[in-house]
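**Q** Listed below, chain by chain, are the residues.
Number of protein chains: 2
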Amino acid sequence: MTDTTTDTAATTAPEQGAGEGHEAAEILDAARALVDPELCAAVESLPAAVRKVARYHLGWEHADGTPATGNGGKAIRPALVLAAVRALGGEPKTAVRAAAAVELTHNFTLLHDDVMDRDTTRRHRPTAWAVFGDAAAILTGDAMQALAQRMLADDLHPGAMEAAARLALCVEELCEGQFMDCSLESRAPDQVTLDECLAMAEAKTGALLGCACAIGAVYAGAGREAADALDGFGRQAGLAFQLIDDVIGIWGDPGHTGKPAGADLTARKKSLPVVAALASDTPAAAELAELYGGPPGEGDPARTASAVERAGGRDWAQGHAADRMSGALGQLAKAVPDPEAAGGLLAIAEFVTRRRH
Amino acid sequence: MTDTTTDTAATTAPEQGAGEGHEAAEILDAARALVDPELCAAVESLPAAVRKVARYHLGWEHADGTPATGNGGKAIRPALVLAAVRALGGEPKTAVRAAAAVELTHNFTLLHDDVMDRDTTRRHRPTAWAVFGDAAAILTGDAMQALAQRMLADDLHPGAMEAAARLALCVEELCEGQFMDCSLESRAPDQVTLDECLAMAEAKTGALLGCACAIGAVYAGAGREAADALDGFGRQAGLAFQLIDDVIGIWGDPGHTGKPAGADLTARKKSLPVVAALASDTPAAAELAELYGGPPGEGDPARTASAVERAGGRDWAQGHAADRMSGALGQLAKAVPDPEAAGGLLAIAEFVTRRRH
Numbered sequence: 447m448t449d450t451t452t453d454t455a456a457t458t459a460p461e462q463g464a465g466e467g468h469e470a471a472e473i474l475d476a477a478r479a480l481v482d483p484e485l486c487a488a489v490e491s492l493p494a495a496v497r498k499v500a501r502y503h504l505g506w507e508h509a510d511g512t513p514a515t516g517n518g519g520k521a522i523r524p525a526l527v528l529a530a531v532r533a534l535g536g537e538p539k540t541a542v543r544a545a546a547a548v549e550l551t552h553n554f555t556l557l558h559d560d561v562m563d564r565d566t567t568r569r570h571r572p573t574a575w576a577v578f579g580d581a582a583a584i585l586t587g588d589a590m591q592a593l594a595q596r597m598l599a600d601d602l603h604p605g606a607m608e609a610a611a612r613l614a615l616c617v618e619e620l621c622e623g624q625f626m627d628c629s630l631e632s633r634a635p636d637q638v639t640l641d642e643c644l645a646m647a648e649a650k651t652g653a654l655l656g657c658a659c660a661i662g663a664v665y666a667g668a669g670r671e672a673a674d675a676l677d678g679f680g681r682q683a684g685l686a687f688q689l690i691d692d693v694i695g696i697w698g699d700p701g702h703t704g705k706p707a708g709a710d711l712t713a714r715k716k717s718l719p720v721v722a723a724l725a726s727d728t729p730a731a732a733e734l735a736e737l738y739g740g741p742p743g744e745g746d747p748a749r750t751a752s753a754v755e756r757a758g759g760r761d762w763a764q765g766h767a768a769d770r771m772s773g774a775l776g777q778l779a780k781a782v783p784d785p786e787a788a789g790g791l792l793a794i795a796e797f798v799t800r801r802r803h
Numbered sequence: 447m448t449d450t451t452t453d454t455a456a457t458t459a460p461e462q463g464a465g466e467g468h469e470a471a472e473i474l475d476a477a478r479a480l481v482d483p484e485l486c487a488a489v490e491s492l493p494a495a496v497r498k499v500a501r502y503h504l505g506w507e508h509a510d511g512t513p514a515t516g517n518g519g520k521a522i523r524p525a526l527v528l529a530a531v532r533a534l535g536g537e538p539k540t541a542v543r544a545a546a547a548v549e550l551t552h553n554f555t556l557l558h559d560d561v562m563d564r565d566t567t568r569r570h571r572p573t574a575w576a577v578f579g580d581a582a583a584i585l586t587g588d589a590m591q592a593l594a595q596r597m598l599a600d601d602l603h604p605g606a607m608e609a610a611a612r613l614a615l616c617v618e619e620l621c622e623g624q625f626m627d628c629s630l631e632s633r634a635p636d637q638v639t640l641d642e643c644l645a646m647a648e649a650k651t652g653a654l655l656g657c658a659c660a661i662g663a664v665y666a667g668a669g670r671e672a673a674d675a676l677d678g679f680g681r682q683a684g685l686a687f688q689l690i691d692d693v694i695g696i697w698g699d700p701g702h703t704g705k706p707a708g709a710d711l712t713a714r715k716k717s718l719p720v721v722a723a724l725a726s727d728t729p730a731a732a733e734l735a736e737l738y739g740g741p742p743g744e745g746d747p748a749r750t751a752s753a754v755e756r757a758g759g760r761d762w763a764q765g766h767a768a769d770r771m772s773g774a775l776g777q778l779a780k781a782v783p784d785p786e787a788a789g790g791l792l793a794i795a796e797f798v799t800r801r802r803h
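Order-wise, the sequence lines are chains Z and D. Going by this note's numbering, the first residue of the first sequence is number 447, and it counts up by one from there. Going by this note's numbering, the first residue of the second sequence is number 447, and it counts up by one from there.
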C-alpha cells in the first residue's frame with residue numbers, strides 16, 4: 447500500500463537548519479500545545495473499552511494502560527486548521543475544537559488502514575490491531591469518527607456545521623482513496639495507470655490536508671471561494687508531499703526513513719515514481735516491468751531503483767511535485783493575497799515537503 | 447455473538463392478525479416509502495467504489511451491479527424517528543432526512559459487525575465482506591457513517607445539530623456494545639455476568655432504537671426532557687426485543703427464524719436466557735454449564751434447551767422482557783401523555799417485540 451503516514455515523514459525529518467523549518471517546528475509545537483488538551487478531554491468522554499484503545503493508538507498509554515510519553519505524530523492537520531484561521535484574520539483559539547476533530551478523524555483512518563493493510567508498526571510501536579485485535583481497532587476507529595463529528599455538532603461556533611459537512615465529505619473521499627489503493631495493489635503493475643495513482647494519492651493524502659485548511663477558513667468566517675481555494679492549497683501540497691515521500695521511499699537514507707533501503711521496491715509497492723517509470727516506454731521501463739514481475743522480497747533493490755531512475759521516474763516525481771507545489775501556492779495566493787498572512791500555512795507546507803533525500 | 451438483527455426479526459415475523467400488527471406494518475411501509483428516496487439520493491452522492499458496496503448491502507443491487515428488488519430490512523429505526531415526530535406534534539416530513547441518516551448509521555454498524563463476527567449471511571444474502579472483501583466492507587461502513595453525519599450537517603432544520611450530536615454519541619455506545627460483545631464471547635460462560643450481558647444488549651440494541659426516538663423528539667421541537675424520555679422508551683423496548691429474540695433463538699420455530707433449531711445453543715452463544723440460567727444456582731444450571739463446556743457444534747440442543755428452561759432462563763427472559771416493556775411504556779407516557787398521539791410509537795414497539803415463539 448502507498449504509505450501516507452505524514453506523521454512518519456515529519457517525525458523522521460532531519461533537523462531544519464533554515465529559518466522556515468524552525469518556524470514550522472514552532473508552529474507545529476504551538477498547535478500541539480493548544481490542541482492536545484482538547485483532544486485529551488474529548489477522548490476521555492469515550493466509553494471505557496474504546497477509550498483504552500484510542501489512548502494507546504494516540505501514544506498516550508502503553509498496552510497495559512500505564513502512561514506513555516507519547517509520539518502521537520506531528521499534528522500537521524490541526525496546525526493547518528489553526529494556521530488557516532490566522533491567515534484569514536480569524537482567532538485560532540476559536541477553532542481548537544475543530545482542529546482536534548480533524549486530528550481525531552486522521553487517526554481514525556490510520557487505525558482502519560492499519561487493519562486493512564496488515565501493517566504491524568505505526569510510529570515505532572505495534573499497531574492497535576496487532577495489540578488488541580481487529581475488532582477493537584475497527585470499533586475504536588468507528589467511535590473516533592463519531593467523536594470527531596460530535597465535537598463539531600456540540601460546537602456553538604457559527605462555522606461548525608459547515609465544517610462538519612466538509613469533514614464528513616472528506617472522510618467519504620478518504621475511504622474511496624483507500625479503496626482505490628487496495629484495488630490498485632491487487633492488480634498487475636501494467637494494469638495500473640499513472641492517472642489512477644495520482645487520483646488515489648489525492649483522495650488518500652491530499653483530501654484531508656485540504657479539508658483541514660478549508661475548515662480553518664470556515665472558522666475564520668471566510669466565504670466558500672476562499673475555503674475552496676485553501677482546500678486546493680492543502681490538497682496540492684499534500685500530493686507534492688506524497689510524491690516526495692515516494693521518492694524518499696526509494697532513494698532516501700534508511701537512517702532517516704527508518705525503513706531498510708529499497709523496502710518499498712522489494713515489496714513491489716506501486717509508488718508514483720515506479721508507475722511513472724513503467725509508463726515511460728523506455729528500455730529501462732521494460733527492465734523494471736520484468737523486475738517488478740518477480741516475487742516480492744526477491745531481487746536487487748539497487749538495480750530496481752536504478753531502472754526507475756533511468757526510466758525517468760525520479761525526475762518525473764520531483765518535477766511533478768514542484769508543479770503541484772506551484773499549484774498549491776497559486777491557490778494560497780488566491781485565498782490569502784497578503785504573503786505575510788500566508789506565512790504560517792506556507793511554512794507548514796514547506797516543512798512537510800522539504801525532506802532530505 | 448448476540449444477534450441484533452431487528453431486521454431479520456421483522457422480516458421473519460408471522461402475518462399479524464391483530465389490528466396493531468397490521469397498523470405497525472402500515473406504519474413501517476409508509477416510513478419506508480418516505481425514507482427510501484432520500485436514502486437512495488444520499489447513497490448516490492457517495493464516491494463510486496463505496497457506493498457500489500453500499501447499494502449491494504442495502505439490497506438494491508446484486509454483486510454484479512444489476513438491480514435487485516431489495517430486502518433492505520423493515521425500516522424500524524426510521525419509522526421510530528417519524529412516529530416520534532408525529533407523537534410530539536411535529537411534521538414527520540421535516541425529519542425524513544434525519545430518519546434516513548439513522549437508517550444509514552444502522553447499516554454502517556451491520557456492515558462492520560458482519561466483518562468482526564465473520565457472519566456470512568445477512569438478510570438471506572452473502573454479507574458484503576464475503577462478496578467484496580474485508581477492506582471494502584470496512585471502508586463502505588466508514589463512508590456510510592460519514593454520509594449519515596453529512597446529511598445532518600447539511601440539514602437546515604433547527605434540530606439537526608442536536609440530532610447529529612445524539613447520533614454520534616449513540617455510535618460511540620454502539621461501538622462499546624459490540625466491543626463488550628466480542629469480549630464476552632471470548633470468555634468462559636462462568637466468567638460472564640448477567641449484568642454485563644444486559645449492559646451489552648442495551649448498548650448494542652437499545653441505544654440506536656432510543657436514539658431514533660429521541661431524534662424524532664428533537665425534530666418535533668420537544669425539549670431535552672421529552673427527548674430523553676423517548677430515548678428511554680426506545681432503549682427499554684429494544685432490550686425487551688432482544689430478550690424475546692434470544693428466547694426465539696432457542697425455542698422458536700425454525701420455519702420462522704430461518705435458523706436450524708437450537709443453532710444458538712450449539713454455537714454456545716451467551717444469550718440472555720442462557721446466562722440467566724447459568725447464574726441460577728440450580729441443578730439444571732450445573733448441567734447446562736457442563737453442556738456449554740463441550741465443544742461448539744456438538745451435543746443435543748434439545749437437552750440444552752431443556753436445561754436452560756429448567757434453570758429458569760426462559761421464564762426469567764420473558765418476565766424481564768415484560769418488565770422492560772413496562773418501563774418503556776412509562777417513559778412513553780412521560781413524553782407523550784396522550785395515548786392516541788403515542789399510538790404509532792406503541793404499535794412499532796409492540797410489533798418488534800410481539801413475535802411467535
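Any given hint could be a false lead.
One copy or two, it doesn't matter: identical chains are merged, so the pair holds either way.
Cross-link-like lysine to any residue pairs, in silico, SDA-like; alpha carbons within 20 angstroms at most [claimed, not checked]: (1) LYS705 - GLY789; (2) LYS539 - GLY511; (3) LYS498 - ALA645; (4) LYS715 - THR567; (5) LYS498 - THR515; (6) LYS498 - ALA509; (7) LYS715 - GLY467; (8) LYS705 - ASP784; (9) LYS539 - CYS486; (10) LYS498 - ASP784; (11) LYS705 - THR512; (12) LYS715 - GLY518; (13) LYS715 - LEU737; (14) LYS715 - ARG497; (15) LYS715 - ALA479; (16) LYS780 - GLY579; (17) LYS539 - LEU480; (18) LYS780 - ARG800; (19) LYS715 - GLY776; (20) LYS539 - ALA732; (21) LYS780 - ALA735; (22) LYS498 - SER632; (23) LYS715 - ALA494; (24) LYS498 - CYS628; (25) LYS705 - HIS508; (26) LYS498 - SER629; (27) LYS498 - ARG571; (28) LYS715 - LEU644.
I should point out that these hints are in silico values taken from the structure, not numbers from a laboratory.
**Q** Run every hint past the structure and note whether it holds.
**A** A quick look at each hint next to the structure:
Taking the shortest alpha-carbon separations for LYS705 and GLY789, neither the intra-copy value of 33 angstroms nor the inter-copy value of 64 angstroms comes in at or below 20 angstroms. Taking identical chains as interchangeable, the C-alpha atoms of LYS539 and GLY511 are never at most 20 angstroms apart, the minima being 31 angstroms within one chain and 48 angstroms between chains. Taking identical chains as interchangeable, the C-alpha atoms of LYS498 and ALA645 lie at most 20 angstroms apart only when they sit on different chains, with a minimum of 19 angstroms there against 35 angstroms within one chain. Within a single copy, LYS715 and THR567 get their C-alpha atoms as close as 17 angstroms, which meets the 20 angstroms cut-off; across copies the closest is 34 angstroms, which misses it.
Taking the shortest Cα distances, LYS498 and THR515 sit within 20 angstroms of each other inside one copy (15 angstroms), while across copies they are farther apart (43 angstroms). Taking the shortest alpha-carbon separations for LYS498 and ALA509, only the intra-copy value of 8 angstroms comes in at or below 20 angstroms, while the best inter-copy value is 37 angstroms. For the identical chains of this complex, LYS715 and GLY467 are neighbours neither inside a copy (30 angstroms) nor across copies (58 angstroms), given an alpha-carbon limit of 20 angstroms. In this assembly of identical chains, the alpha carbons of LYS705 and ASP784 never lie at most 20 angstroms apart, being 40 angstroms within a copy and 68 angstroms across copies at closest.
In this assembly of identical chains, the alpha carbons of LYS539 and CYS486 lie at most 20 angstroms apart only when taken from the same copy (16 angstroms versus 39 angstroms across copies). Taking the shortest alpha-carbon separations for LYS498 and ASP784, neither the intra-copy value of 45 angstroms nor the inter-copy value of 45 angstroms comes in at or below 20 angstroms. Taking the shortest Cα distances, LYS705 and THR512 never come within 20 angstroms of each other, neither inside one copy (28 angstroms) nor across copies (45 angstroms). When the C-alpha separation of LYS715 and GLY518 is checked against a cutoff of 20 angstroms, the pair qualifies neither within a copy, at 26 angstroms, nor between copies, at 39 angstroms.
Taking the closest pair of Cα atoms, LYS715 and LEU737 come within 20 angstroms of each other only inside a single copy of the chain (12 angstroms); across copies the shortest separation is 51 angstroms, beyond that limit. Within a single copy, LYS715 and ARG497 get their C-alpha atoms no closer than 34 angstroms, and across copies no closer than 27 angstroms, so neither meets the 20 angstroms cut-off. For the homomeric pair LYS715 and ALA479, neither the shortest alpha-carbon distance inside one copy (36 angstroms) nor that between copies (47 angstroms) is at most 20 angstroms. In this assembly of identical chains, the alpha carbons of LYS780 and GLY579 never lie at most 20 angstroms apart, being 46 angstroms within a copy and 43 angstroms across copies at closest.
With identical chains, the CA atoms of LYS539 and LEU480 are at most 20 angstroms apart within one copy only, with a shortest distance of 8 angstroms there and 42 angstroms across copies. Taking identical chains as interchangeable, the C-alpha atoms of LYS780 and ARG800 are never at most 20 angstroms apart, the minima being 23 angstroms within one chain and 62 angstroms between chains. Within a single copy, LYS715 and GLY776 get their C-alpha atoms no closer than 32 angstroms, and across copies no closer than 60 angstroms, so neither meets the 20 angstroms cut-off. Neither within a single protomer nor between protomers do LYS539 and ALA732 lie at most 20 angstroms apart by alpha-carbon distance, with minima of 55 angstroms and 62 angstroms respectively.
Taking CA atoms no more than 20 angstroms apart as the test, LYS780 paired with ALA735 passes in neither setting, with 42 angstroms inside one copy and 71 angstroms between copies. In this assembly of identical chains, LYS498 and SER632 lie within 20 angstroms of each other by CA distance solely across copies; the values are 18 angstroms between and 34 angstroms within a copy. Taking the closest pair of Cα atoms, LYS715 and ALA494 never come within 20 angstroms of each other, the shortest separation being 38 angstroms inside a single copy and 24 angstroms across copies. With identical chains, the CA atoms of LYS498 and CYS628 are at most 20 angstroms apart between copies only, with a shortest distance of 15 angstroms across copies and 29 angstroms within one.
In this assembly of identical chains, LYS705 and HIS508 lie within 20 angstroms of each other by CA distance neither inside one copy nor across copies; the values are 23 angstroms within and 43 angstroms between. Only between protomers do LYS498 and SER629 lie at most 20 angstroms apart by alpha-carbon distance; the minimum there is 14 angstroms, versus 32 angstroms within a single protomer. For the identical chains of this complex, LYS498 and ARG571 are intra-copy neighbours only, at 16 angstroms inside a copy versus 35 angstroms across copies, given an alpha-carbon limit of 20 angstroms. For the homomeric pair LYS715 and LEU644, the shortest alpha-carbon distance inside one copy (14 angstroms) is at most 20 angstroms, but the shortest distance between copies (47 angstroms) is not.
Taken one by one, the earlier hints fail for this structure at numbers 1, 2, 7, 8, 10, 11, 12, 14, 15, 16, 18, 19, 20, 21, 23, 25, listed in ascending order.
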